[in-house]
Each structure stands twice: as structure tokens, then as C-alpha cells.
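Colleague: The listed protein sequences derive, respectively, from chains R and G.
Position 98 of the first sequence, counted from 1, bears residue number 253 in the numbering used here, the numbering being contiguous throughout.
Position 282 of the second sequence, counted from 1, bears residue number 544 in the numbering used here, the numbering being contiguous throughout.
Hint data in this document are derived by calculation from the structure and do not stem from the laboratory.
Check the hints yourself; a few may be wrong.
Stated by the list, open to error - Distance condition first, Cα-Cα at most 27 angstroms in a straight line; then the derived DSSO-like pairs of lysine-lysine:
#1 R:444 x R:305
#2 R:444 x R:185
#3 R:444 x R:307
#4 R:307 x G:377
#5 R:185 x R:224
#6 R:305 x G:377
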Amino acid sequence: MTRRTVLAGSAGLAAGGIASLPFLLPKYDKVRRPGRSRVAILPANSYSQNLEKLLMEGLRPFNLDVRGKRVLLKPNLVDYIPGAEINTHPSLVVAAAECFRRLGALEVLVGEGPGHQRDTELVLMESGFADQLREHRIPFVDLNRHELIKTKLRATYTGLDHLWLPRAVIEADFVVSMPKVKTHHWAGVTLSMKNMFGVVPGSRYGWPKNILHWRGIQQSIVDICATAPIHFVIADAIVAMEGNGPLAGTPRPLNRIILADDPVAADATCARLMGFIPERIPHIAETAKFLGNASLRLIDQLAQPVTVADPPFRVVPEFQYLSAR
Amino acid sequence: MRIESDVPYRFQNMLLECDTPTGGWSFYPQDTQAHLEPTCLSLLALHSRAEPRVVRGLEFLLHTQNPNGSWPAFAGDDQEGCWVTALAVLTLNQLHADSNAIDRGIGWLLDSRGKESHWLWKWKFRTSDTHVRFDPDKFGWPWMPETNSWVVPTSFAVLALSQRFPLERPSRVQFRIARGVEMLLDRVCPDSGWNAGNGVAYGVPLAPHLDATAIALLALRGQAQNSTVTKSLTWLAGRSLSCSAASSLAWSILALHSHQQTMTCQIQRLADLVKTAQICDHATMATIAMALECAVGKNPFEVQS
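Bound conformation, chain R alone (with noise of 0.2 angstroms):
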């Protein structure tokens, strides 16, 4: 081997090194996974048992400080379509709000700006949330047209370098993610990381936000959510959806309620509670790198044990591989 040759070599390493850099580095801008998170799976039969002192009970052993706090809480609130069970429901969102506020909160809020339909307000009454938020006196703030922050995302799976998001979500200092649980015919899950799709406004990005599906929906929930922070979890799985969701699959009871204070935990936990290997569900996989917990040996599981559907949740045929099966 002549000199010339191992020179050539090393000039051509590097080279190579330099040019696969951006494909080595982390996507991410720190790691903020804790060392252990939380999952409490809650039974729970129906919307009209008494959700309050349920979710209160469930909420004890995690010791929320949120004294003082101003408390969003983010449904999942897409769109009405009679007799289809496709939104958070409101007894549960309204159940959260009444315990926030006996925790002491300062301020509870619920905020969503749904995907499709740009009458936020005829969604909120046909849905049957205006009737209820009125009547406990929670305000409701519609995401899609709130003030706007510029804020520089935290993670870079988009190629995006920053998103307009409403100051209700930047300035909450509680957010709570109540997402409902169901398949996803782009996305394979809607969970708690997938709901936060609601907090980009529709008077930027339009209804729907097209922008975060050519930039890739997996890609946009990493991103969002490395962003803007999920502090708490209440997943309303007590009738879920399977097949062709998030609006035209069926329902699927699961008589549970989930809460976490690890959106990554929760999504992991919810995913197999539907028959599928969370590892397998990209961002899941991805924000395990940096945000969450989706390791079953670091998540400390509370109330009920995880006992996977069987038969799993149906998908449409791409997502067939997420089963565990």
C-alpha cells in the first residue's frame, strides 16, 4: 500500500463521513426522557358513571402539583358525524376540568382546533360539548384562531424550522393531552401525540393542516410534540375506535381510561392495549429516543395490569403489521 494510496483512503473516509453526518446526528435537540414514567390504567364501563371521582382517585398516586397552574386541556374534538364515537367525549373532559380545579388549579381551559371543519362552534354544539362546558363554566379556546407565536421547533424530523402555534398552548402551564383512542388510516394510532395535531392553527395551515401530511404525519407528530410539551395524559379509551379510523371506523369498548405523565408511556400503553407493538409505530419509536418512555421495564404501571386486545385492534391493510400477531 502506497502512501498516495492510504492518503486517498483517508481523504475518501472522510469525505464519506462528512456527507452521512446529518444522517448520524440526532434529529432532536436534547434528550428529556425521564428515568421512569407513570401509566395508570383506570377501568371504567361507561361515560355516565361518575368519571369525576374516578379520575380523581386515579389521578391521586401521581401527586400533580398544579397549584396555581394555568391547565389546557387538548380533547380530541375532529368533527361531528351522528352517531359516530370519534371525539373525546365531553363527561370525560369535563370529569379532568372539576378535578384540575379541586387540585387547586388557577385556571383550567379546554383547546382545540379541529382538523376539518372550520365551524369550531357548530362542532362544539352538535358534538355536545358547548352544553356541557357552559353549564361547568369552562371556557373553550378554539386553537385555530387563537394569537400566534413563532416557535422554533425542538426537533427537525419535518425539515420544518419553526411552527406558528396558538399562545394558549405556549403559555399553559399544564397541558393535558386527552386524546380519544383510536386507529388512523395515515398514521396507524391517534393518540396522545397524534391529538397535538390540533394545537397548529387552521388560520396558518389551513383545515385540514396539509402541510404536516406532505412534511409526513409520523415526521409532524415528532416534532410538534418535541415542541410543544404534553405534561399529562387522560386517554379516553372507554369506547374506542378501530378499522378505518379516525372517522369512519367502528367502535371498539375497551372500558378503560388511561392516564400517564409520559405522552410516550401513554401512546406505548394504549398501542398495546390494542393488539400492536408499540415499537412499531414510527414516532412512538422515535420519541422513545428523546421525549418518553415506550420500555414496558421503565414504565412504573399503576391500577389495572396491560392486558393486550385479543383479537388486536383492526387497521386498514398497511398497518396490518403493527398486531402483534
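With chain R's structure known, arrange chain G on it following the hints.
Modeller: Frame of chain R, contents of chain G only:
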């Protein structure tokens, strides 16, 4: 019709009282960030009022135009431009404002198109990505650059171009209006009416939305004989009779009026609704004011057919 004659003026007066540091309208009274959608709708609702507030709003609209001729979604936004450009052009045209600003806005609109119109994406949507039923040859306008065509931005762009060029249309304008109309007719829901974009996804028919249907019908005024349009008008007229949300009901009235349909019951329903409803969204207030003025024959979204 039993609506009190001062009701539209009540909403106009509420809009006149709203102000932001920049001169535009925010969505909500407590917000200071002026957005283009409520600003354009407020100016359209107030265009017959010779008030300093209207002049200030118009100045805001002209000052926020981006260097590329488009408009941002709100004051301080990035300058790439978005769907409100069509609404801004339509508003300036109605207010007989600076034609240079309108021409620059039209230039941007004519260059803007849904991403599915590119040959590569056409090929993708025809071969591998076939879950959503649509013909990518029939394209319109996106909400923002680098995304697909959708019903509402396409409708506003068709309206803006049709109003600006009522008779003599340059070939490029004619081409884009024709494509936009084709796109709207292609994306209709299977029974009638329009959802946000497509009528069928994953083999499942999507349900029509009132406001998207109403805005699409405003743009399709020139297609009054088309069976898709007549069926959608019938759906809109029926569905709006049970609508309790002011914005959707108001858009429905504007569309029914534009197509010279009976809308007496809808106007009465809206007039009754606004007596008790707490409406604080300026875009909705403006749409209500315009809808109630349909009772006296005024409709800024009318297009010569």
C-alpha cells in the same frame, strides 16, 4: 320578513368598535394580533359605511401585502403567502381599492396551484397513492404553498378571479377558473355538498360541511344548471334549517341568496339566533352582518353568471 332592520347594523357597529394596534381585525376582541380573514370579512361587511375605521382597515390590508404579491395569514406572519390572498383580492376589488395591489395579488394567485398538479405527484396519485378519490388533473388552490388543492381556498380564488374579470377574461385567468370549477365539481361528496377536500377517502364517503358547501356554491354561481350544484343547493337549504351555529348558517344564506334560492326561513333563524347567542368572533360577526343584508339584496360574494 320579521327581522329587525337594525340587526345588521348592530354587528357592523360592533366591528367598527373593534381595533388592533395595526388597524386590522383580530379574531377575538381580547386579542391584539390582526388576522387577514376577519379583516377582509369585516371590510366586506362594512364597505358601505364611510367610517375612519374602514379606511384604517383598508390601509392595514394594503400595507400587509407581501413583496411577492400575496398576503400573510396575520400581521407578522412569514412572507410566503397563503389562501387569504384570494379573500384580500376579493375585498380590495369590492372596495374599489388600489388596482396595483389587486393585480399583484392576482399574479400570485395565478402562479399558485395545488401540489397535485405537478406531473410527479399526478403520477403518484394515479399509481400508488389511490386511497383518496380525486382527479389530479383537476386542480385548484392550496391553503398554503407546497400543499394540495382544497375546497375553500379554491372557491375563494375562483370567486376573486371571477369578480375581478366579470366579462373579458385573459386566457390564463379563464384557464385557472375553469380548472378550479372542475376541481370543485370533482371533489363533491357522493350524495352532494362538499367536505374540506375530497368526497371519498379509503372507500368511505365523507359527509358534507355546511360552510365548505356554501363557499363552494358561491364560487359555482356560473354553474347553476349543473346537477351537482342543484343537488348541493337542495342539501344546503335543508341542512341549514336545523343549523344552530351562526357562521355556517350565515355562509349558507349568502350562498342561497347568490343562487336566488328562497332563504327567508334561514334569515329568520339567524336573526333569532343572534338575539341570544354570544358571538365574539369578528369573522363570524362580519359574516352574519353580510348574511342579514341579503334580506335587502346585498351580497358581496355575488358573481355575474
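Colleague: If a hint holds in the structure, say so; if it doesn't, say that too.
Modeller: Structure-based check of each hint:
{"no.": "1", "hint": "R:444 x R:305", "in the structure": "holds (26 angstroms)"}
{"no.": "2", "hint": "R:444 x R:185", "in the structure": "holds (10 angstroms)"}
{"no.": "3", "hint": "R:444 x R:307", "in the structure": "holds (20 angstroms)"}
{"no.": "4", "hint": "R:307 x G:377", "in the structure": "holds (26 angstroms)"}
{"no.": "5", "hint": "R:185 x R:224", "in the structure": "holds (26 angstroms)"}
{"no.": "6", "hint": "R:305 x G:377", "in the structure": "holds (25 angstroms)"}
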